[in-house]
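One line per chain: the protein sequences are A, B and C, in this order. The working numbering puts the first sequence at residues 1 to 214. The working numbering puts the second sequence at residues 1 to 220. The working numbering puts the third sequence at residues 1 to 231.
What follows is a list of derived Cβ distance ranges for each label pair:
| # | chain 1 | residue 1 | chain 2 | residue 2 | range |
| --- | --- | --- | --- | --- | --- |
| 1 | C | P167 | B | D201 | 16 to 24 Å |
| 2 | B | E160 | A | R15 | 23 to 31 Å |
| 3 | C | T28 | B | E160 | 47 to 55 Å |
| 4 | B | A158 | C | P167 | 41 to 49 Å |
| 5 | A | R15 | C | T164 | 47 to 55 Å |
Residues from chain C shown here face chain A by an in silico Cβ test under 10 Å; the list is partial:
| # | residue |
| --- | --- |
| 6 | D132 |
| 7 | P133 |
| 8 | G134 |
| 9 | R135 |
| 10 | R212 |
| 11 | M213 |
If you want the footprint, here are the derived chain B segments under chain C, 3+ residues with CB under 8 Å:
| # | segment |
| --- | --- |
| 12 | 171-177 |
| 13 | 202-215 |
Just so you know, the hints here were simulated from the structure itself, not pulled from any lab data. For each residue, glycine too, the CB sits at the ideal point set by N, CA and C.
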Amino acid sequence: MSFVVANGLTHWFGRDLVLEGVDLVVDTGEHMAVLGDNGAGKTTLLRVLATALRPTAGRLQIAGLDAFREKRRLRHHVGYLAHAPGLYPALSAVENLEFFCDLQEVSRTRVEEALDIVAMTSVAHRRADQLSRGMQQRVAIARAILHEPRLLVLDEPDASLGEDAAELLTRVMQGKTVIMATHDRALANRLCQRTLELRHGRSHGTATRLHVVT
Amino acid sequence: MNPVRVAIAVARKDLKSEWRTRELVPALAQFVVLALLIGNFGFQVDTHNASAIAPGILWLALVFAGLVAFGRTFAAEREQASLEAMLMTPASPVAIFAGKAMAATVLLVLCEVVLLPALTLFFGTPLGGDVVAAVLLATVGMAALGVLFAAIVARVRARELLLPLLTLPLWIPFIVAGGQAVQSAMGLPGSYQEAMGLLLDFDILFVVLTSLAARFVLDE
Amino acid sequence: MSRHERWAAGAVALMLVAGAAIFLYAPTDYLQGPVQRIFYLHVSSAIAAYGCFTVVLIGGLVYLRRESLVADRFARAGAVVGVVFTTVTLVMGMLWAKPIWGTYWTWDARLTSTLVLWMIYAGYLLVRRLADPGRQAARIAAVVGIFGFVDVPVVHFSVTWWRTQHPGPVVVNDALPPEMLATFLLTMACTLALAAVLIAIRYRIETLSDERMHMAEEVKVMTAPEPRMAP
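Please build the complete structure, drawing on both the sequences and the hints.
The structure is reproduced here in structure tokens:
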């Protein structure tokens, strides 16, 4: 069963062609890695897939719904981790998450659960600007899963995470459909069943289980 | 979550952040006091012309403080990509806009709490309930416009140039009516009631318009 | 000759006819002298500028409702042509004011709201220039255009009201003798024709510019079938 179906995704920023006719299919429960160098268009592609950005052309279907027409309804199903953590610096981790719990219309008990999954319970009450980049990243991941979305779109979730990145992400991605961008091919191989190569905005094919000699 | 509660949650979050960092309000307060001092020396104020000049200085200081305050409402959001995260929730963009406008209004009102007594102190002008009411009424409409246009320029280069250029023409009606209201309250000729009536009309008009426009400006 | 060139030639010819009427047909004003002739073009430009502004408004509203690229192009064209006519209006107004009123500028309702009109246009064009081109720029520019359109009469009204609080010298408007009225109507018609031609030409330029920037027409939003897989 296809959960995400994209057809001909194309995006221009002014005169720069950032995405060119990208197709992809992700089945329910499947984890897909988007690989490519900096500037290949990974972040733009992920923003489109998370419905944060409307592409210049192309079609996108998520959970059987047209992603552009039904954007509001799809919000419940999609959790997005942006390239930067984007926390409110003067608020604590808990306060950041409680605010988003309210906006997401989920119970505040989820805050504790999410912090537990990302192992940030000990620093829950510290101000966000006093957390290390890796800790902020974890809290941002927690924010993305507060509303228990069925689809996770993660932009370089492993950045700054450290050694237990793979374990943490395995826990987070458990049972969900995931599209994640990363530079780390070994991690991609470990966590994902499918990969998409992106070069200069163009898809250079998908492969299953990329075998990498580490 | 119903829109009113979303707006209140957003406003509380903004005000909590400002309270913890305490950057903006002290800077604004300092700015308005300086504006009064400069006005005093620049206009050669004495007891005869004080009440004629004071309303003008009031609005001058308020407009510039407003530009700074509203310019900041979206600056931080943009840098942190948190506005995008908010827009990805079910919360309606209009409610988010309303929350930010409310928070910006509160911050500007705090600035006015410093400005008005300072004006009375330096210029000897009366500080009655009607002066305060006029300033507050004008602040509402100016905040709605200021925050909407701050959201517009947040995504654009050269925002420091663009915000005043776009916002000032829209604030002129408020400055004209508000200026008249304050002048009348300070004893100069003109109708206070008419001025306040106009301010109310402008508030309603622009609050409705900005609310309608919010979703086109904030959402992708 | 392409059709745009023909229209342009026609518009220029019409303006020459209007010019002839202004200088050869209309009588010299008794009180103001030859300077008064500026009035024909000055007021016509003002009306053309407001007309262009209406194009910006309608283009913006249609764009927000339907994301029509055509509507957005008309809005862009209207803004460029409108700022030209507003500048002409302001400059001619100042040239006329100096000999007649003794000052280049006064803050009466009409002048103030025309200046506001100019500022809004300038802001509109700057926003378009500085924002990332595409959907977002078109949306926020549409909002700016709509607010500007509402603001101009509000400003006009505010200043008029303020003058009622502080009565000042009244500017006497004489009734126009028939030759002057006829000249004015002719000039206005020719100026509006010129404005329409300029907008049409500018529209074409915007279309070409869009094509060069590969702006797609409306994003096709249909439910996606299974795509063909890349090899």
